[in-house]
Amino acid sequence: GTFVGGSVIVSVYQNDAWYEGLTKPDFAPAVWVIAPVYTLTFLLEGLGAWFVWYSNGIRHSYPHILVFACQYAGTLAWFPTFFGYEFTMAGTVVSIGSWTLTLLTVLAFSRCSWLSSVLLVVPVLWKTYCLVWGMDIMITNPGR
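Take the sequence shown: its position 62, counting from 1, is numbered 62 in my numbering, and each next residue is one higher.
Note that these hints are calculated values from the structure, not bench results. It is possible that some hints are incorrect.
As the list claims (entries may be wrong) - Label-pair distances were calculated between CB atoms; the ranges are:
id	residue 1	residue 2	range
1	32	118	25 to 31 Å
2	100	18	23 to 29 Å
3	69	90	19 to 25 Å
4	69	17	31 to 37 Å
5	54	93	31 to 37 Å
6	57	118	19 to 25 Å
7	103	143	27 to 33 Å
8	139	50	37 to 43 Å
9	62	103	16 to 22 Å
10	107	140	31 to 37 Å
11	86	54	37 to 43 Å
12	90	55	33 to 39 Å
Glycine included, every Cβ here is placed at the ideal spot set by N, Cα and C.
Take these sequences, add in the hints, and give me the full structure.
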């Protein structure tokens, strides 16, 4: 579910023309890179959540899965905010929230399954990169 849902959101809200028109840092990814990397991110996050649930049962996993669901919703919110509404400041604010919630998810998952927290290393690194990238875009494109 997370893999398919995330992939659909990424592809629907990817606005190539608007993104290409922005002033971007040299380290900004090509627009075609965003969807596959976020798809991998969603896959790893979903696997991490499954390992927490599988190793602890739904009753003992509930608080950890709740943290995961909040960070996942935050990650999904970035696409319509940044690409759909074409609003870089709001996208950066959502990105900060998503990044923070992802770190909390790593902490929550580490209490249940070491493998789940390790699976979130790539998502944390990608979201850190996206946060810096988004902040640079917001600063160099005021009012967009």
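Hints, verified against the model:
1. For the pair residue 32 and residue 118, the supplied restraint of 25 to 31 Å holds, since their beta-carbon distance comes to about 28 Å.
2. For residue 100 and residue 18, the hinted distance range of 23 to 29 Å is satisfied, since their beta carbons lie about 26 Å from each other.
3. Between residue 69 and residue 90, the C-beta spacing of about 21 Å keeps the proposed range 19 to 25 Å intact.
4. The beta-carbon spacing between residue 69 and residue 17, approximately 33 Å, falls within the hinted interval of 31 to 37 Å.
5. As the Cβ distance of residue 54 to residue 93 is approximately 34 Å, the hint placing it in 31 to 37 Å holds.
6. Take residue 57 and residue 118: their Cβ atoms lie about 21 Å apart, and the range 19 to 25 Å holds.
7. For residue 103 and residue 143, the Cβ-Cβ distance of about 30 Å falls inside the hinted range of 27 to 33 Å, so the restraint holds.
8. Hint check: residue 139 to residue 50, Cβ distance near 38 Å, so the stated range 37 to 43 Å holds.
9. At roughly 20 Å, the beta carbons of residue 62 and residue 103 sit within the given window of 16 to 22 Å.
10. Taking the beta carbon of each, residue 107 and residue 140 are about 33 Å apart, inside 31 to 37 Å as hinted.
11. Distance hint check for residue 86 and residue 54: the Cβ-Cβ separation is about 40 Å, which falls inside the suggested range of 37 to 43 Å.
12. Distance hint check: the CB atoms of residue 90 and residue 55 are about 37 Å apart, consistent with the given range 33 to 39 Å.
In terms of the numbered hints stated before, the structure departs from none.
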